[in-house]
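**Student:** Chains A and B, in that order, are what the protein sequence lines are. The first sequence begins at 1 in my numbering and counts up one residue at a time. The second sequence begins at 1 in my numbering and counts up one residue at a time.
What the hints contain is simulated information worked out from the structure, not anything from laboratory work. We put the CB at the ideal spot given by N, CA and C, even for glycine. Careful, some of the hints might be misleading.
Stated by the list, open to error - If you want a taste of the chain A side facing chain B, the calculated C-beta under 10 angstroms gives, among others: (1) L164; (2) A294; (3) V298.
Residue-level listing of the chains:
There are 2 protein chains.
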Amino acid sequence: MTKLKNDLFIKACKRQPVERTPVWMMRQAGRFLPEYRAIREKIDFLTLCKTPELASEVTIQPVDIVGVDAAIIFSDILVIPEAMGMNLELIESKGPVFEKPIRSEADFYELNNIEPFTDLKFVLDAVSLTKKELNNRVPLIGFSGSPWTLLTYMVEGRSSKNFLNVKSMLYNNPKLVHTILDKLASVVADYLSAKLEAGADAVQIFDTWGGVLSQKDFKEFSLNYIAKIIANIKRDDQPVIVFAKGVHHSLKEIVKAGADVVGLDWTMELNKARSEMNDKAAIQGNMDPTMLFANNKVIKEEVKRILNSYGNGSGHIFNLGHGILPTTDPDKVKAFVNYVKEESVKYHFVQPHTIR
Amino acid sequence: MTKLKNDLFIKACKRQPVERTPVWMMRQAGRFLPEYRAIREKIDFLTLCKTPELASEVTIQPVDIVGVDAAIIFSDILVIPEAMGMNLELIESKGPVFEKPIRSEADFYELNNIEPFTDLKFVLDAVSLTKKELNNRVPLIGFSGSPWTLLTYMVEGRSSKNFLNVKSMLYNNPKLVHTILDKLASVVADYLSAKLEAGADAVQIFDTWGGVLSQKDFKEFSLNYIAKIIANIKRDDQPVIVFAKGVHHSLKEIVKAGADVVGLDWTMELNKARSEMNDKAAIQGNMDPTMLFANNKVIKEEVKRILNSYGNGSGHIFNLGHGILPTTDPDKVKAFVNYVKEESVKYHFVQPHTIR
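My request is simple: use the sequences and hints to build the entire structure.
**Tutor:** Here it is in structure tokens:
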């Protein structure tokens with residue numbers, strides 16, 4: 001493997017010394033850049049996911065335009081259920097919609113067995129191509145939804161406020177829910193392994209809806225399967241990031257599940273989380289995405305506050321606490337990325353080398 | 001003041017010994033009962049709020065029908081901005097909508113100064129009437145939204161996913177936000193004082209959207225004003241409950257703000273919260289409202305788990321971790337209430353007296 005020119009992100013994931021804190025943003029590929037929207041005007045979201053050349057192009061845009069320290073492959077967590085045979089409509093105003101959600105054992109057994117190397121080849125092709133096009137400028141992150149988060153969409157069929165369908169299934173038919181989650185965990189482990197084989201330098205598991213469960217149910221129905229995935233990912237030493245939004249109660253348990261990096265939303269304090277996790281994993285986060293609608297002075301103050309909360313030393317990857325919002329001004333993003341780069345130097349004790 | 005026949009709720013709020021754990025449910029008045037929907041077929045939501053006889057009737061329904069240990073006055077938190085002159089449309093499919101949200105200082109200064117005894121007289125009349133009709137069977141709770149939660153609706157104009165408008169205002173014009181919050185805090189303190197004077201036995205402050213803020217901003221923009229309200233409520237020894245959904249990080253601070261009772265959502269563990277709060281306030285909560293869609297065996301197990309998590313002694317008021325959902329089956333609710341009554345006895349060491 002050729003050496004990365006900017007390896008700050010990978011080093012920080014491994015809590016190795018760095019000369020400044022690396023920064024990237026969830027959902028940075030797609031959404032906020034005019035250059036992305038120009039492509040989306042000509043092609044729908046799902047076709048874009050399935051066209052490696054274009055997926056690769058939008059993946060690299062934020063590296064070129066705003067200078068982030070990592071790229072994350074442009075895709076969607078719902079390509080897995082889509083590949084399993086669920087008809088996915090991506091309607092801008094409503095979010096993703098499955099016209100026939102899973103509501104019974106019979107619905108589940110109608111789904112196809114999938115094999116990432118064939119059924120999700122378009123993602124792997126996009127990864128290989130992006131890796132080549134990036135030319136080792138920055139690392140490339142692959143990702144998947146967690147089994148629980150995938151299940152919420154598969155059962156609800158659309159974005160939900162109360163998660164009543166999936167929770168009712170969890171309470172009244174836990175055996176079926178475990179069967180589906182177990183299946184999804186195998187698929188996700190294979191999928192993330194394949195992405196690493198295709199060239200991804202790290203993978204992130206998004207448990208967007210882990211926080212809607214009680215602590216007990218999060219462990220039983222979400223974290224258990226994340227742990228299973230991490231144990232089954234075929235990898236050398238590429239880091240695994242777990243972002244479980246709203247899961248304020250189980251940081252130590254997420255580390256025990258094998259996460260190298262724990263992603264945090266903006267309701268968490270980095271110093272408390274760091275001390276709770278006892279520096280046994282790196283931390284990624286956690287500025288509120290709405291903060292990018294503040295004036296630059298306020299953004300800079302918030303960057304300083306978050307850096308100061310984490311404190312000295314490596315093990316922090318600066319990120320937002322959730323995906324960047326589509327209406328964010330790219331100039332604000334550029335300013336934000338620069339503030340992190342400038343303000344973080346004083347928290348590290350490594351001589352700057354050739355990396356900007 | 002005549003003595004309450006069932007004073008379990010009030011005693012538990014004050015952490016005085018009780019023979020079993022009292023139980024009520026947020027949003028129990030309205031929403032799930034067919035008897036409520038029968039009334040709503042003839043009258044719109046806001047008119048119902050403004051008709052004391054009917055508001056009183058739906059307030060008492062859950063006491064009669066499911067046997068809860070407290071009544072909460074039927075109303076809506078948005079009657080305050082409505083009384084201040086904001087035109088409120090309550091559209092079932094969309095939730096509440098203000099056609100002209102507050103987006104500037106000028107918008108704010110167009111609002112009316114209000115005086116609860118005149119401008120919100122219909123709520124106070126409903127309280128007095130309900131108090132009379134209840135005939136001291138159970139205590140009556142009055143409520144208000146917190147200033148921050150009221151502000152989110154007033155600025156967003158409708159339910160929001162990212163709270164981008166109100167947060168942008170908070171970041172870019174904190175002075176205006178503080179001015180509005182301060183005004184709202186005065187109004188809410190007067191409003192809750194008036195409800196207590198009209199006969200309410202306790203009051204609850206709903207900070208439904210406190211949890212969307214960072215810890216720092218929650219303190220500055222929400223908790224500060226809750227503290228101001230509690231300090232300014234005119235009361236004898238009626239308890240004040242603070243329910244700040246999603247605010248997992250500031251339990252001790254909520255107690256310091258003067259809350260007698262802290263309401264918790266279902267992502268919190270009662271034993272941890274109790275120990276963190278060092279038994280300096282009572283705890284209200286925290287079963288996931290979706291749990292009422294489980295079968296009775298699962299509901300009973302969850303009731304037992306929550307009671308066991310709180311442990312021995314008084315200071316726990318059983319409730320849901322958020323409002324009861326409109327499609328909940330009343331038979332499940334009756335079963336749930338009975339489980340709490342039966343299963344909680346063993347955690348208390350007071351001889352049962354005449355109360356059922």
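**Student:** If a hint holds in the structure, say so; if it does not, say that too.
**Tutor:** How the hints compare with the structure:
1. L164: Interface hint status for A:L164: holds (5 angstroms vs cutoff 10 angstroms).
2. A294: holds, 3 angstroms
3. V298: holds, 5 angstroms
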